[in-house]
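S.K.: If you want the building blocks of each chain, they are given just below.
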Amino acid sequence: MPKTEFSAEATEAITRLIARIADNKYALGRHYAEWCSAAPTLESAVAAAAMAQDELGHARALYPLLRTLTPAAGAENEPETRTRFTHMAVLDQPLPGWEDVITANFLVDGALTSLFEAAVDSAYEPLAGRSRKVLQEERMHAQHAASWVRLLAREGGGIRAALEASLRHAWPEVLCWFGPEGDGGDALAANHVLDATPDALRARFLAAIGPLIEAERLNLPLRRAGDDTWELTEPLPWDRFDAETHRLAHGTAAGAVVIAGAASAASQAEK
Amino acid sequence: MAAPTHLDHPSAHISAGPAEYPHDALWDALREVEDPELGISVVDMGLIVDARPDGPDGPDGPKGATAHVAITYTAMGCPATELIEGDIHARLRRVPGVRDVVIEVVWEPVWTKARLTEDGRDALALLGVAI
Numbered sequence: 001m002p003k004t005e006f007s008a009e010a011t012e013a014i015t016r017l018i019a020r021i022a023d024n025k026y027a028l029g030r031h032y033a034e035w036c037s038a039a040p041t042l043e044s045a046v047a048a049a050a051m052a053q054d055e056l057g058h059a060r061a062l063y064p065l066l067r068t069l070t071p072a073a074g075a076e077n078e079p080e081t082r083t084r085f086t087h088m089a090v091l092d093q094p095l096p097g098w099e100d101v102i103t104a105n106f107l108v109d110g111a112l113t114s115l116f117e118a119a120v121d122s123a124y125e126p127l128a129g130r131s132r133k134v135l136q137e138e139r140m141h142a143q144h145a146a147s148w149v150r151l152l153a154r155e156g157g158g159i160r161a162a163l164e165a166s167l168r169h170a171w172p173e174v175l176c177w178f179g180p181e182g183d184g185g186d187a188l189a190a191n192h193v194l195d196a197t198p199d200a201l202r203a204r205f206l207a208a209i210g211p212l213i214e215a216e217r218l219n220l221p222l223r224r225a226g227d228d229t230w231e232l233t234e235p236l237p238w239d240r241f242d243a244e245t246h247r248l249a250h251g252t253a254a255g256a257v258v259i260a261g262a263a264s265a266a267s268q269a270e271k
Numbered sequence: 001m002a003a004p005t006h007l008d009h010p011s012a013h014i015s016a017g018p019a020e021y022p023h024d025a026l027w028d029a030l031r032e033v034e035d036p037e038l039g040i041s042v043v044d045m046g047l048i049v050d051a052r053p054d055g056p057d058g059p060d061g062p063k064g065a066t067a068h069v070a071i072t073y074t075a076m077g078c079p080a081t082e083l084i085e086g087d088i089h090a091r092l093r094r095v096p097g098v099r100d101v102v103i104e105v106v107w108e109p110v111w112t113k114a115r116l117t118e119d120g121r122d123a124l125a126l127l128g129v130a131i
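Residue numbers (the numbering used here), protein chains in the order written: chain A, 1 to 271; chain B, 1 to 131.
Bear in mind the hints are in silico, worked out from the structure with no lab data behind them.
Just to be clear, a hint being listed does not mean it is correct.
Claimed, not checked - Here chain B is said to cover these stretches of chain A; the calculated rule only asks that three of the stretch's residues, wherever they fall, bring their Cβ under 8 Å from a Cβ of chain B: (1) 15-25; (2) 132-142.
Unchecked claim - Sample of chain B residues with no beta-carbon within 10 Å of chain A, all distances over it, derived: (3) A25; (4) E34; (5) T112.
As the structure is a computational prediction, the values presented were derived from the model and not from experiment.
Glycine included, each C-beta is placed from N, C-alpha and C at the ideal position.
Excised from the complex, chain A in its bound form (with noise of 0.2 Å):
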């Protein structure tokens, strides 16, 4: 089969893409990380381990890409040498507890997972083979989410608290990276990178997500419209939502977040 060529217009629509998915996958390895010996049981420990290797393989299968798609980014398209990162937010500190490990398993790497499935077949030939095997490893992340949102939901009291306000704190973020409300125009879909524009791939998270949220009752701004259909009952913050980096700012701007030990690093270089 040909390989498809893309518009220069397309290309940075999937430099973009592969950045905020790598960056992502990136930031949810290291924090993942960060719990390996600090979870709250040792086969959770074993199993933010195993994630954390992972997301960290994922990653470093996508990194990859960027040389091709934009080498005169050099040092940028590296997650060692890179200083702009584009994952989400939430994922900007440590995660400061392991109900927001789980929101991230549960929310930002799920999310993930709705875009490589919706890139199995995708035009941009080398998305595509990295999603089958991502999707393959991601199944074991899903069901781990699931297991632990259902256990710290059934605790009660403060543990289910504080699992609905991380919940909660992530939630718009999430649902608003998969891009603008109504995007018509998006170069993902319409160059058959994704099968799906953002609407759609929302609506397929919602999907995904949303049974477990009503089973649990979890006080979420989310409702049943239909047999497969949710609709979100509040809506989503734009106008603090960066088109480009696909961030939601939380007090900061929204833009790429500078690593500051790399930005030092670079920096002093520059001198």
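Fit chain B to the given chain A structure using the hints.
M.R.: Frame of chain A, contents of chain B only:
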């Protein structure tokens, strides 16, 4: 003409039973390279998707050849990739006629236990891994 890839010429027999792989100079050399974590050949583990020399001379030809290897891994986060690829480089460069080795990591086909050979399954069973 573009160089052949593993997708053009499937070189393994993968079915419901144990997988089988070719016997030639390259594949037999690869059978001597082990996954360092398990001590099982990378061929028996089903990691090798394709191995072939470029050009008409083949590994025993007068001009020598580049050995092209397509490899996949059981997990994208496999920590032993550099070690395995280094061992493959070193072993294949000792195959008569091979001047260079090019390794391409591929994620299709996705690794599953169907890629294990019978020897690979037996070796994993001895390690207590259920197949």
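S.K.: Indicate, hint by hint, whether the structure satisfies it.
M.R.: Results of checking the hints against the structure:
1. 15-25: violated (count 0)
2. 132-142: holds (count 5)
3. A25: holds, 29 Å
4. E34: holds, 21 Å
5. T112: Label violated. Min Cβ-Cβ 8 Å, cutoff 10 Å.
Violation of the numbered hints given earlier is confined to hints 1, 5; the remaining hints are satisfied by the structure.
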